[in-house]
Amino acid sequence: MGRKRLLHWLNVTAMSEAHLGRYTAEFDFRYNTRKMSDAERADIALKGIAGKRLTYRRTNAIAT
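Numbered continuously in the working numbering, the sequence shown closes out at residue 80.
Just so you know, these hints were derived from the structure itself, not from any lab.
Glycine included, every Cβ here is placed at the ideal spot set by N, Cα and C.
Accuracy of the hints is not assured; some may be wrong.
Capping the alpha-carbon separation at 30 Å, the derived lysine-lysine pairs in DSBU-like fashion look like this [to be verified]: (1) K20 x K51; (2) K51 x K68; (3) K51 x K63.
Listed next, with one range per pair, are the computed distances between beta-carbon atoms [stated by the list, open to error]: (4) R69 x T40: 17 to 27 Å; (5) A66 x D44: 16 to 26 Å; (6) A66 x K20: 27 to 37 Å; (7) E42 x A66: 31 to 41 Å; (8) R73 x R50: 10 to 20 Å; (9) K20 x T71: 13 to 23 Å.
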């Protein structure tokens, strides 16, 4: 996604300020790896998540 399209998307999409860092980090990753193959990009992404845990926040309705 080009910079101009991203700015348009940011203006049109309802953005949560809490997640703005995630949106920009994803854009940076895609821009910085744009000349790589899909396999190379996937390897980098998988190396970035190594050793991290995915946790879920439980609601009271589900936990009881």
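A quick look at each hint next to the structure:
1. Distance hint between K20 and K51 is fulfilled; the C-alpha atoms sit about 19 Å from each other, no more than 30 Å.
2. A distance of roughly 27 Å separates the Cα atoms of K51 and K68; the hinted pair therefore holds under the 30 Å criterion.
3. The hinted pair formed by K51 and K63 meets the criterion: a straight-line CA distance of about 18 Å does not exceed 30 Å.
4. Checked against the given bound of 17 to 27 Å, the beta carbons of R69 and T40, roughly 23 Å apart, stay inside it.
5. Our hint of 16 to 26 Å for A66 and D44 holds, since their Cβ atoms are close to 19 Å apart.
6. The hinted window of 27 to 37 Å between A66 and K20 holds, with their beta carbons roughly 35 Å apart.
7. As the Cβ distance of E42 to A66 is approximately 18 Å, the hint placing it in 31 to 41 Å is violated.
8. Distance hint check: the CB atoms of R73 and R50 are about 34 Å apart, inconsistent with the given range 10 to 20 Å.
9. The supplied range of 13 to 23 Å is broken by K20 and T71, whose beta-carbon atoms lie about 37 Å from each other.
In the structure shown, a violation is registered for the earlier hints numbered 7, 8, 9, in ascending order.
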